[in-house]
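Kindly produce the complete structure, drawing on both the sequences and the hints.
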Amino acid sequence: MSGNNGNPAADAREPAIELRGISKAFGPVQANKDIDLRVAKGSIHGIIGENGAGKSTLMSILYGFYQADKGDILINDKVLKISDSQAAIAAGIGMVHQHFMLVENFTVLENIILGAEGGSILNRAVTNAEKELERIEREYALEVNPDTLIEELPVGLQQRVEILKALYRGAEILILDEPTGVLTPAEADHLFRILQQLKEQGKTIILITHKLREIMAITDSVSVMRRGEMVATRETAKTSVEELAELMVGRRVLLQVDKKPAKPGDVKLSIENLTVKDGRGVTMVENVSLNVRAGEIVGIAGVAGNGQSELLEAIAGIRRAKSGKVILDGKPIGVTSKVDPGMLRDQGLAHVPEDRHHMGLVLPFEENENSILGYHDRPEYLKGPLLQIDAIRDDAKKKIEQYDIRPPNCRLKTANFSGGNQQKIVLAREMERDPVVLLVGQPTRGVDVGAIEFIHKRIIEMRDQGKAILLVSVELDEIRSLADRVLVMFAGRVVGERSPDTSEGELGLLMAGVEDSKETAA
Amino acid sequence: MNHELPKWVDYGLIPFLNLVTAFLGAGLVVLIVGENPLEAAYLLVHGAFGKGPGIGYTLFYATNFIFTGLSVAVAIHCGLFNIGSEGQAYIGGIGVATACLALDRFVPWYITFPLAIAGAALFGAAWALIPAWLQAKRGSHVVITTIMFNFIASALMVYMLVEVFKPAGSMAPETRTFEAGAHLPKMDWFFEIFGSKLGGAPFNITFLLALLSCYLVWVLIWRTKLGYEIRTTGTNPKAAVYAGIPYVKTIVIAMLISGALAGMMALNPIMGDQYRLQEGFPAGAGFVGIAVSLMGRNHPVGIILAAILFGMLWQGGAELAFDMPNISRDMIVVIQGLVILFAGALEHMYRPALSRFFAKDPASTVAMSKPTQGEGA
Numbered sequence: 001m002s003g004n005n006g007n008p009a010a011d012a013r014e015p016a017i018e019l020r021g022i023s024k025a026f027g028p029v030q031a032n033k034d035i036d037l038r039v040a041k042g043s044i045h046g047i048i049g050e051n052g053a054g055k056s057t058l059m060s061i062l063y064g065f066y067q068a069d070k071g072d073i074l075i076n077d078k079v080l081k082i083s084d085s086q087a088a089i090a091a092g093i094g095m096v097h098q099h100f101m102l103v104e105n106f107t108v109l110e111n112i113i114l115g116a117e118g119g120s121i122l123n124r125a126v127t128n129a130e131k132e133l134e135r136i137e138r139e140y141a142l143e144v145n146p147d148t149l150i151e152e153l154p155v156g157l158q159q160r161v162e163i164l165k166a167l168y169r170g171a172e173i174l175i176l177d178e179p180t181g182v183l184t185p186a187e188a189d190h191l192f193r194i195l196q197q198l199k200e201q202g203k204t205i206i207l208i209t210h211k212l213r214e215i216m217a218i219t220d221s222v223s224v225m226r227r228g229e230m231v232a233t234r235e236t237a238k239t240s241v242e243e244l245a246e247l248m249v250g251r252r253v254l255l256q257v258d259k260k261p262a263k264p265g266d267v268k269l270s271i272e273n274l275t276v277k278d279g280r281g282v283t284m285v286e287n288v289s290l291n292v293r294a295g296e297i298v299g300i301a302g303v304a305g306n307g308q309s310e311l312l313e314a315i316a317g318i319r320r321a322k323s324g325k326v327i328l329d330g331k332p333i334g335v336t337s338k339v340d341p342g343m344l345r346d347q348g349l350a351h352v353p354e355d356r357h358h359m360g361l362v363l364p365f366e367e368n369e370n371s372i373l374g375y376h377d378r379p380e381y382l383k384g385p386l387l388q389i390d391a392i393r394d395d396a397k398k399k400i401e402q403y404d405i406r407p408p409n410c411r412l413k414t415a416n417f418s419g420g421n422q423q424k425i426v427l428a429r430e431m432e433r434d435p436v437v438l439l440v441g442q443p444t445r446g447v448d449v450g451a452i453e454f455i456h457k458r459i460i461e462m463r464d465q466g467k468a469i470l471l472v473s474v475e476l477d478e479i480r481s482l483a484d485r486v487l488v489m490f491a492g493r494v495v496g497e498r499s500p501d502t503s504e505g506e507l508g509l510l511m512a513g514v515e516d517s518k519e520t521a522a
Numbered sequence: 001m002n003h004e005l006p007k008w009v010d011y012g013l014i015p016f017l018n019l020v021t022a023f024l025g026a027g028l029v030v031l032i033v034g035e036n037p038l039e040a041a042y043l044l045v046h047g048a049f050g051k052g053p054g055i056g057y058t059l060f061y062a063t064n065f066i067f068t069g070l071s072v073a074v075a076i077h078c079g080l081f082n083i084g085s086e087g088q089a090y091i092g093g094i095g096v097a098t099a100c101l102a103l104d105r106f107v108p109w110y111i112t113f114p115l116a117i118a119g120a121a122l123f124g125a126a127w128a129l130i131p132a133w134l135q136a137k138r139g140s141h142v143v144i145t146t147i148m149f150n151f152i153a154s155a156l157m158v159y160m161l162v163e164v165f166k167p168a169g170s171m172a173p174e175t176r177t178f179e180a181g182a183h184l185p186k187m188d189w190f191f192e193i194f195g196s197k198l199g200g201a202p203f204n205i206t207f208l209l210a211l212l213s214c215y216l217v218w219v220l221i222w223r224t225k226l227g228y229e230i231r232t233t234g235t236n237p238k239a240a241v242y243a244g245i246p247y248v249k250t251i252v253i254a255m256l257i258s259g260a261l262a263g264m265m266a267l268n269p270i271m272g273d274q275y276r277l278q279e280g281f282p283a284g285a286g287f288v289g290i291a292v293s294l295m296g297r298n299h300p301v302g303i304i305l306a307a308i309l310f311g312m313l314w315q316g317g318a319e320l321a322f323d324m325p326n327i328s329r330d331m332i333v334v335i336q337g338l339v340i341l342f343a344g345a346l347e348h349m350y351r352p353a354l355s356r357f358f359a360k361d362p363a364s365t366v367a368m369s370k371p372t373q374g375e376g377a
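In the order they appear, the protein sequences are chains C and X.
Quick note on numbering: the first sequence equals residues 1 to 522 in the numbering used here.
Quick note on numbering: the second sequence equals residues 1 to 377 in the numbering used here.
Heads up, some of the hints might be wrong.
Here are the simulated BS3-like pairs of lysine-lysine, each with C-alpha atoms no more than 25 Å apart in a straight line [said to hold, decoys possible]:
1) C:K277 x C:K338
2) C:K413 x X:K225
3) X:K249 x C:K338
4) X:K137 x C:K277
5) X:K197 x C:K338
6) X:K225 x X:K186
7) X:K7 x X:K137
8) X:K137 x C:K322
9) C:K277 x X:K238
Honestly, the hints are just simulated from the structure, not real lab data.
Spelled out as C-alpha cells, the structure:
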C-alpha cells in the first residue's frame with residue numbers, strides 16, 4: 001500500500017475544519033469509512049477520487065444533508081453537530097453545488113436573498129441586500145448585475161452567483177463540488193483566479209474534483225479518497241500527477257476473470273464521426289468513431305460524465321445524434337433522424353442501460369413484467385392483443401433459475417429485489433435474446449461482490465459465443481479485466497486506445513484528460 | 001419513495017380511516033347546525049339502503065360513478081390526471097341523444113342500445129382527443145386542458161340544445177322525450193330475486209354494462225400489450241422510451257379510452273331515467289369519479305365499491321335533506337364534499353404515519369429513501 005496517512009508539515013497551521021473518524025453507511029454500502037481530514041485555515045484543499053469514492057457523501061455530511069453514523073466534526077477546534085444546512089450556514093460553511101441551486105426565472109439578487117430574506121416584507125430586505133451585495137462584489141471583485149435573470153446568465157456567471165450566495169450568508173469555508181464540470185476552460189481559469197483571491201482574503205476552500213490538473217494547478221494540499229476511505233493526504237507541491245493517479249485508482253488486485261484470448265470476427269457495430277448534443281445544445285459526444293467486432297469486448301473507460309452515457313443512448317436509439325453514422329450488423333441505422341429502440345432490438349441490438357432504476361426496470365412492476373420490457377411485443381408473449389401471462393411467467397421462472405435470481409419469485413415487486421438481483425433481471429432479459437450486438441453500461445454499479453463475478457462471467461460467455469460487446473464502465477478494474485480493447489473517453493472524445501494490460505496509471509492519466517502522446521488508432 | 005405497506009393496510013385500513021375521518025368531519029357539521037349526528041347518519045344509511053327504491057337509486061348513482069371512476073383510472077395508469085371526465089360524459093350525451101332520436105321510433109331498445117353505446121363512447125373519446133394530443137405532442141398539461149374543455153363542453157351543449165335539438169315551439173333547452181325504442185329496461189327482476197321492490201327508482205341495465213366495463217378495463221390494464229404499455233408509460237416514462245413504446249400513441253390511446261368510458265356514463269341518466277337529453281345531466285359525476293378512482297386504488301373492484309359508497313352518499317343525502325329540515329341541500333353538498341376531500345384529495349394523509357408504524361425494518365427504510373448516495377461524486 002502506498003497510501004500512507006502522514007500529516008504533512010503545512011497542516012501544522014490551525015485547522016478550519018477537522019473530521020475525526022467519520023463513517024456513513026447506506027444499507028449495506030459503506031460510503032464513508034473512518035474518515036480523518038484536516039483542512040488548514042486559509043488554504044485550498046483538494047479532495048480527489050473516482051466516481052463513487054464517497055467524496056460527495058462526505059461533503060453532504062459536512063453540509064448537514066446526511067448525518068454521520070459515527071465521528072466528530074470540528075469547526076475552528078470546536079465539536080459541532082451539523083443537523084441540517086441551516087446549522088452548516090451558521091457554522092460558516094457555504095456550498096457551491098455541482099448542479100446549481102438557483103431559481104432560473106428569479107433575478108440574481110432574488111436568488112441571493114432566497115432563504116435569508118429576514119422577514120415577510122421583502123422591501124427592506126432587498127434594500128439591505130443590495131448594499132451588502134455591492135460591498136461583497138467590490139471586496140472580492142465578483143461583478144454580476146444583480147437585476148439580471150439567472151436564465152440569461154452564462155454558466156460561469158451562474159456559478160459566480162452561487163459563490164456570492166455563500167459569501168452573502170457569511171461563509172468562511174467554501175465547498176465547491178466539481179465546479180469546473182460545466183465550465184469552459186477559460187471560465188475555469190477565471191474561477192481559479194477567484195478562488196485564489198478568496199484564499200488570500202482568508203477564506204478556506206475545499207475543492208472536490210476528479211481532475212488531476214485542477215488539483216495541481218490550484219490546491220495547497222490534497223486528500224485522496226478511494227472506496228469510501230481517505231487513503232492519503234499530500235502537500236500538492238510535493239506530489240505528482242502520476243502519484244495521485246495511482247493513489248486514486250489504487251493498486252487493487254484485479255478480479256481475475258477466466259478469459260481466453262478473443263477471436264474477433266467481422267465488424268458488427270461500426271460508429272463513424274458520431275456527435276451528440278444534450279438538451280441545452282452542449283456537445284456531449286464529439287466525433288467519436290469506433291468498431292466492435294463479433295467475439296470481442298470493447299471497453300470504454302472514463303470518468304463519469306465524459307459522454308459515455310450519451311454515446312450509449314445514441315447507439316441504442318434513445319437519444320438522437322446530431323451527426324454521424326452507426327452501422328449495425330451491416331445495416332445503417334438512422335441515429336440522426338428517425339430511430340426507435342424497439343426497431344433496433346428487432347435488428348439484434350440488446351442494451352443493458354447504465355441506470356437500471358430509471359431506465360432498465362419499472363420498479364413497481366412484478367419481476368415477470370420486467371423480464372419482458374422491450375420484448376413485450378414478441379409473438380411468444382402475445383395472443384392477439386392479449387398478453388400470454390403463463391408464457392411470460394414460465395419464461396421469467398426459467399431466467400430466474402438460469403441467472404440465480406433471488407428470491408426466486410417472479411410475482412414479487414421488482415423494487416423488493418437487491419441491486420445485484422435487479423441487475424440480473426436486466427441482464428437475463430437482454431442476453432437471452434441471442435443479440436448480435438450487446439451494449440452494456442455499468443454492469444456492476446451498486447451490485448454486491450458475489451453477483452459481480454457472475455455478471456462478469458456471463459459477459460465473457462457472451463463474447464465467446466461471438467457477440468460484439470461494447471462495455472461502458474467507470475470501474476477501471478472492470479474494464480481491464482473484461483475488455484479486449486480499451487478506449488478512453490474524455491470530454492466527449494475518444495482520447496486514446498490501449499490494450500487492457502496497460503498500467504492503471506497510464507489509463508488514469510488519459511481518463512483525467514492529460515494529453516495522449518502516443519498515436520491514437522481507432 | 002414510500003415504504004411498502006401490507007396490502008390490507010393499503011386497500012382496507014387507509015380507505016377506512018379516511019372514511020371515518022370524513023364522517024367525523026361531517027358529523028361536526030351536523031352538530032353545528034343543531035342536529036343529532038347519529039340520527040343523521042342513521043337517516044343517511046337508511047335512506048340509501050333501507051328500502052328497495054333507496055337501494056335502486058343508490059345503485060343508479062353508483063352506475064354513473066363506476067363509468068367516471070374507470071375513466072379516471074385508465075388515465076392515471078398512463079400517468080395522466082384526466083379532470084375532464086365531466087365534460088367528456090356531457091359530450092357523450094350528444095352521441096347517445098343522436099342515436100336515440102334517430103332510432104327510437106323505428107326499432108326496439110336492444111337495437112338502439114348498442115348504437116347509443118357506440119355514440120357515447122365515440123363522442124366522449126372525441127372530446128378527450130384534443131387535450132390528449134396537446135399533452136402528447138406539445139406538453140400542454142392535461143389537467144389544464146381538460147378543465148378548459150369542461151367549460152367548452154357546457155357552452156357547446158347549450159348551443160346544441162337550443163339551436164339543434166330543441167323541438168320547434170318548446171321553451172325548454174332539451175330534446176323531445178324519447179319513445180319506447182330508447183327506453184332501457186329497469187332491473188326490477190334483480191330486486192325481485194331478493195323479494196324486494198325497485199319502485200320508481202331508475203336502476204337499469206346500464207349497471208350491467210358498467211360491470212362489464214370493469215371487467216374489460218381489468219383485462220385491458222393487466223392482460224393486454226396495450227395495458228402493459230400504458231402502465232409502463234405511466235410508471236416510468238424513461239423505461240418506456242428504452243423499451244421502444246411509442247409515447248405519443250400510448251398517451252393518445254389511453255386518453256381516448258378514458259374519454260370513451262366517461263362518455264358511456266351518459267347512457268345511464270339519458271336512456272335509463274330522463275329519456276331525453278337535458279342540460280347539466282352529469283351533475284358532477286365526472287368529478288366524483290376522481291374520488292372514486294383514488295379511493296378504489298384505480299382498480300375496477302375498488303372502483304365498484306367506492307362507487308357504491310358515493311352512490312349511498314348521493315341517495316342517502318337526498319333522503320337526509322328531506323327528513324331533517326335543518327340540513328339543507330347545500331349542507332348535503334358540504335358533507336359529500338368532505339368525503340371527497342378526505343377520501344380523494346387527502347388520500348395520502350395517513351400514509352406516512354402508517355408507513356412508519358408498519359416499517360418492519362428501519363434500516364431498509366433508510367436505504368430506500370436515500371438511493372442516490374455516491375452518484376455524481
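Checklist entry - When the hints from earlier in the document are held up against this structure, which numbers fail? => result 5, 6 and 7
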